[in-house]
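All chains, please: the whole structure from these sequences, using the hints.
Protein sequences appear in the order of chains A and B. All letters in the first sequence, in the order written, are residues 2 to 433 by my numbering. All letters in the second sequence, in the order written, are residues 429 to 681 by my numbering.
None of these hints come from the bench; they were simulated from the model. Relax, there's no trap hidden among the hints.
For lysine-lysine, the following DSBU-like pairs were computed, each having C-alpha atoms within a straight-line distance of at most 35 Å:
#1 A:K91 - A:K327
#2 A:K430 - B:K570
#3 B:K539 - A:K430
#4 A:K430 - B:K558
#5 B:K433 - B:K613
#6 A:K34 - A:K51
#7 B:K596 - A:K430
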Amino acid sequence: MMPRAKLKAQKVEAAEALLGALTLPTGGAWITKARTAAAARVASMGLPSKRDEYWRYTDPRRLTAPAAEAAKLHAADDEAPLFDGFDRLKLVFVDGVFDAQASDTLALSGVEICTLADAARTDLHWARDLFGALEARGQAPVERSLASLNTAHATQGLLIRVTATPPKPIALVYRRSEAAADAMVHHVIRVESGAEATLLENGPMAARFNQVTEIEIAASATLHPIRAQGRDHDRAGITHLFAKLGARAQQKSFNLSANGALIRNEAVIWLDGAEGSAHIAGATVGDGAFHHDDTVFVTHGAPRCESRQVFKKVLRRGAVGVFQGKILVDQIAQLTDGYQISQSLLLDEDAQFLAKPELEIYADDVKCSHGSTSGEIDQNQLFYLRARGVPEDRAKMLLVLAFLAEALEEIADPAYADDLRARLESWFKRRS
Amino acid sequence: MLEIKNLHCELEDDSEVKILKGLSLTINPGEVHAIMGPNGSGKSTLSYVLSGRDGYAVTDGSATLEGADLLAMEPEERAAAGLFLAFQYPVEIPGVGNMTFLRTAVNAQRKARGEEELSAGDFLKIIRAKAKELQIDADMLKRPVNVGFSGGEKKRNEILQMAMLEPKMCILDETDSGLDVDAMKLVSDGVNALRDAGRSFLVITHYQRLLNPIKPDVVHIMSEGRIIKTGGPELALEVEENGYADLLAEAAA
Ligand SMILES: Nc1ncnc2c1ncn2[C@@H]1O[C@H](COP(=O)(O)OP(=O)(O)OP(=O)(O)O)[C@@H](O)[C@H]1O
Ligand SMILES: [Mg+2]
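Right under this line is the structure:
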């Protein structure tokens, strides 16, 4: 094994090389300060390496390389885009760049929205307490330097402040145009006390993308982020969701990933106020050259909070699924209710699931459980369905959807879950 | 309807374990046959081999349904051809609703036979009526297939599936076991309601109590993978009174 000092030196060298080739975007005082600090974090932490414990199962090279690899553009016309049937505030990004023409006007009752580009030009902005701040907090106890890189260099994104419950969801739609676009998008969302909102995200962001979303959910406020990443096969990307929840705040986040050569989604959640509740769920379907990594870190920092992680992966033909999930319970977080389950359904012997569930508990009166399983289609169930006349492919699909159902059930509004389920069904139909 | 000739089977993974050893049986349209036999004689295995479960290798013999070679078909093709097995141990399928399961099965079979699929409305009407006859409530229809069902509920659910699928050849593997008196009546009424000149039954059972209301035309005694005696309903009464010892000794002689 490589000595630590040498590994660190290599990581820092790689970071310096990358930062040296980039110029810090210009902007107002508040953002320049945040960006400069973030760049310094990247320089001191270095870039992630396959030799890092936290990157043991996922090779970050495609994410840290100086340029994006081209990813074949997917013909999108064989399937209606997800969430199209919902009344929503639609905000469109093309190759990670906000497209005002294709978007609705940035006006929704109860919500203030402005682009990062516009906010960056101002000298003072409400987001200054959050932009890069949650990301910086998320650097301990584990480093996530690609998120700092994003804070330093992202010029695209939306700053959304929800002051009162809006009448419809805020929907971010990602589209691609260039085969080798490299996107960095940074969103900041603050939901004020008592307000409730849903954030929808769907579509492929770019050939390569680095997305950071910083979320603050104030006391008794609710945010449900629902995201679907798909269907471009060659794409590579990393996303970070940093969320800080106040007392009695609630979040039910869900992510669906279909295909993708290399995707890592990190979720870093702090339950800072008593009686907060954070659910983080995901369903993943991978076929062939597919590597999907869910890395979750939930910190219970206040008493009587609840957290649930439910991740389900269906993998075949060499697809790899990774789950690293941690529940950290601080000493003051008595009466914590923490739950974590990660399960994979391997449709053949070439598929692989790597899981690292972790609990770290410093309070003495808590209820925490975690479990991880890897299994195949149940032959008795399959035979039962076939003996009733259901053809094998369809029977397998029913069983696969049944397996994923537990994750989809985590979605607060079943209407979105239905849309996602239909999407999964067509994914399987294309393959049978 | 069903013609089984000299059927031999062994375990696929262990050819030392031979289960069916030359079983022959003919069931004509409209007939009800019963098979009785000691534990482990191969009754369930026969039902699995006929319905196409993996794990058994047929080494000799044949089985045809209305002249079609059953053994050459996939399980779903056998079902579409009209074969139905009420499982001795109905399988639980978490995450798949009972109703969805049944509608998928009914329509898959109709499609395979080139018939029009049932609309959601028609299906609902039919299943509600049939479920009511079997005293299966709306909640049981909504729940995942067999999950959390009691033993008796699972068996009634099998009969509901049979009623919905309207098969030609029904095999019931110990559908009577684990049923209380009332449930037994529901099940036998359910079976009798389906009796028809064009439909045949093979009822595997250990007890006379299901055979009383169903009244089989023919009773077979099975032992060590073979039919050792065939007779009328009186044969079942003989087993009920005296057990298998005499019959087995007679066959061995
Ligand atoms: N998959 C299997 N693996 C191993 N042995 C098997 C398997 N299937 C059947 N057998 C064996 O074959 C024999 C016949 O089993 P089967 O279940 O068909 O008996 P049965 O007549 O239905 O018994 P019961 O009255 O108890 O239901 C038994 O000895 C059983 O252990
Ligand atoms: Mg049996």
